[in-house]
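Student: Start from the sequences, fold in the hints, and give me the full structure.
Chain order of the listed sequences is A and B.
Quick note: the first sequence uses our numbering, first residue 1, plus one each step.
Quick note: the second sequence uses our numbering, first residue 171, plus one each step.
Please keep in mind that the hints were generated in silico from the structure rather than gathered at the bench.
Backbone N, C-alpha and C define an ideal beta-carbon position, used for all residues, glycine too.
Hints are supplied without guarantee of correctness; some may be wrong.
Derived DEER-like restraints, expressed as beta-carbon distance ranges [stated by the list, open to error]:
1. Lys96(A) to Leu535(B): 34 to 42 Å
2. Tyr442(B) to Asp34(A): 30 to 38 Å
3. Phe280(B) to Gln35(A): 40 to 48 Å
4. Ser17(A) to Asn179(B): 51 to 59 Å
5. Ile33(A) to Phe338(B): 16 to 24 Å
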Amino acid sequence: MSEEKKTKRRDFIFTASYALGAVGVGATVWPLIDQMNPDASVKALATTEVDVSTIERGQSISVLWRGKPVFIRRRTEEEIAKAREVDLKELKHPEKDEDRARNPEWLVMLGVCTHLGCVPLGDKGEYGGWFCPCHGSHYDTSGRIRKGPAPTNMEIPKYEFVNSNTIKIG
Amino acid sequence: MSDHEYTPNSKFGKWFNDRLPLLTLSNHLSDYPTPKNLNYWWTFGGILTFCLIAQIITGIILAMHYVAQADLAFESVEHIMRDVNYGWLIRYFHANGSSMFFLAVYIHIFRSLYYGSHKSPREVIWIIGMIIYFLMMMTAFMGYVLPWGQMSFWAATVITNLFSAVPFIGEGITNWLWGGFAVDSPTLTRFYALHYLFPFLILGLVILHIWALHIPGNNNPIGIDIKSPSKDTVPFHPYIVVKDLFALLIFLIIFAFFVFYSPNLLGHPDNYIEANPMVTPNHIVPEWYLLPFYAILRSIPDKLFGVIAMFASIFVLVILPWLDTSKVRSAIFRPLYKQFYWFLVADVLILGYVGAMPAEGLYLLVARVATAYYFIHFLIILPVLGQKEKTLEVPLSLTDPVLGGSTNDSLMSEQKKN
Numbered sequence: 001m002s003e004e005k006k007t008k009r010r011d012f013i014f015t016a017s018y019a020l021g022a023v024g025v026g027a028t029v030w031p032l033i034d035q036m037n038p039d040a041s042v043k044a045l046a047t048t049e050v051d052v053s054t055i056e057r058g059q060s061i062s063v064l065w066r067g068k069p070v071f072i073r074r075r076t077e078e079e080i081a082k083a084r085e086v087d088l089k090e091l092k093h094p095e096k097d098e099d100r101a102r103n104p105e106w107l108v109m110l111g112v113c114t115h116l117g118c119v120p121l122g123d124k125g126e127y128g129g130w131f132c133p134c135h136g137s138h139y140d141t142s143g144r145i146r147k148g149p150a151p152t153n154m155e156i157p158k159y160e161f162v163n164s165n166t167i168k169i170g
Numbered sequence: 171m172s173d174h175e176y177t178p179n180s181k182f183g184k185w186f187n188d189r190l191p192l193l194t195l196s197n198h199l200s201d202y203p204t205p206k207n208l209n210y211w212w213t214f215g216g217i218l219t220f221c222l223i224a225q226i227i228t229g230i231i232l233a234m235h236y237v238a239q240a241d242l243a244f245e246s247v248e249h250i251m252r253d254v255n256y257g258w259l260i261r262y263f264h265a266n267g268s269s270m271f272f273l274a275v276y277i278h279i280f281r282s283l284y285y286g287s288h289k290s291p292r293e294v295i296w297i298i299g300m301i302i303y304f305l306m307m308m309t310a311f312m313g314y315v316l317p318w319g320q321m322s323f324w325a326a327t328v329i330t331n332l333f334s335a336v337p338f339i340g341e342g343i344t345n346w347l348w349g350g351f352a353v354d355s356p357t358l359t360r361f362y363a364l365h366y367l368f369p370f371l372i373l374g375l376v377i378l379h380i381w382a383l384h385i386p387g388n389n390n391p392i393g394i395d396i397k398s399p400s401k402d403t404v405p406f407h408p409y410i411v412v413k414d415l416f417a418l419l420i421f422l423i424i425f426a427f428f429v430f431y432s433p434n435l436l437g438h439p440d441n442y443i444e445a446n447p448m449v450t451p452n453h454i455v456p457e458w459y460l461l462p463f464y465a466i467l468r469s470i471p472d473k474l475f476g477v478i479a480m481f482a483s484i485f486v487l488v489i490l491p492w493l494d495t496s497k498v499r500s501a502i503f504r505p506l507y508k509q510f511y512w513f514l515v516a517d518v519l520i521l522g523y524v525g526a527m528p529a530e531g532l533y534l535l536v537a538r539v540a541t542a543y544y545f546i547h548f549l550i551i552l553p554v555l556g557q558k559e560k561t562l563e564v565p566l567s568l569t570d571p572v573l574g575g576s577t578n579d580s581l582m583s584e585q586k587k588n
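Tutor: See below:
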């Protein structure tokens, strides 16, 4: 035992069995953990089509997509102007309104506050956009965070105009 | 803790006890020497055991009638309230039981803080207690989600979203917790499974908590080490048992007042509206027992740091035995600590109050000051007090102030040296 330390056959066998054991335990535990992730039936509900022909300027609707509300707002000229004239340096999460609303009249975004997931109230708050009643985040007319604890702007989901009256979300 | 070997009287008892020493255990529990000066603040351990057992029994009964599925949950709770025989009683008992459980646990924790029960050699009891407290909060939160009312749904949304503050993997964690892209039926079902499991984990930890307590024995209002068994102790049964039962009786009167006369006082009317993922109630608040932590969360204007501060406010309690460095346990002999103790009590009550108010203006300012003071108390005041405070002279034994002398020889010799 007191002689120089040499790697023996036995050390190799120990290391190899521990390594194999670890892989085996990992492979066994993974299904037990992964079963909690969104399942196939939840993922299957990934797109929604919405008819927007009845929405007037200055009106907005909320639709449910993947269990979350999506705000679809047909913005007025003032709202668009207000959102576009903001200096990007003032923003906590700088994003151009042009990038958030490719068709300036239509703002389509997830109606979920990026702080802790509440649904903000429309036409409220200090910036004329949305206000979250839970912890006081203010969003502007482009849904960008302006004041309060939320870290980022409200998310823009993937969507497209199928025709001039229908939006497909997801 | 009794030194003498126990032998059962009956022949069958002896035979059984040799094979499984349950009778030795029960003898230990009834003879367990307890300081004779324990006051009524020490009865909350027994009261808490009652609360846990009562919640488990009423909970199992409710589980026989409840359906953990988003389309049926709300209705099944109304079914329990209206159709099930005595369903209203059992549900009101269970719902108010959680409030009473927390009321008792807060008294139990603040009793420890006052009399220094968290200090050496009782650190492990304290840490197990803190784990129990944390599990209690998780259990209560998940139980609150089950009725699937508006408050249930939005409490679940806000609390699970706390994990989205984790950098990079936050969104993955929340989707994993939800089993979807928002709180929905899969979330409800798994919360139900865990809400059923956790009380039994708590029960196991309670057994460890009591086991760890029976190694050094109870602390006492004077906070000195006593020799046990001795003139300073009485056997647990009947002395403490009877005292605990009397305290439990008083506690149950208050409990019954809530259950029978104001069963919804501690709840929130919005929770009688079925969950609606499209509308957040105007003013969402957690149950009263979580308000101080909620106030700490909201007082920090940054999402990630708010969440960190909230978890830190609990973690700071876990390491308390090493922050509170004073050798003297009981606040009775610590004139300065006694004052800071009451400041802390006031601070936590203020945090609870502002946690229930909207996070704006003066409320937000008060919440920020109170949050700062909470951490200052544990991280600065306590370590400094341990060094600087001039403590009063501690008696040698429980009878010392009256009769002089001590039952503890090592304390006596130490005193002579001084």
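Student: Hint by hint, say whether it matches the structure.
Tutor: Checked hints:
1. With their beta carbons about 35 Å apart, Lys96(A) and Leu535(B) fall inside the hinted range of 34 to 42 Å.
2. Taking the beta carbon of each, Tyr442(B) and Asp34(A) are about 37 Å apart, inside 30 to 38 Å as hinted.
3. With their beta carbons about 41 Å apart, Phe280(B) and Gln35(A) fall inside the hinted range of 40 to 48 Å.
4. Between Ser17(A) and Asn179(B) the Cβ separation comes to about 54 Å, which falls inside the hinted range of 51 to 59 Å.
5. Range check, Ile33(A) to Phe338(B): Cβ separation about 18 Å, and the 16 to 24 Å hint holds.
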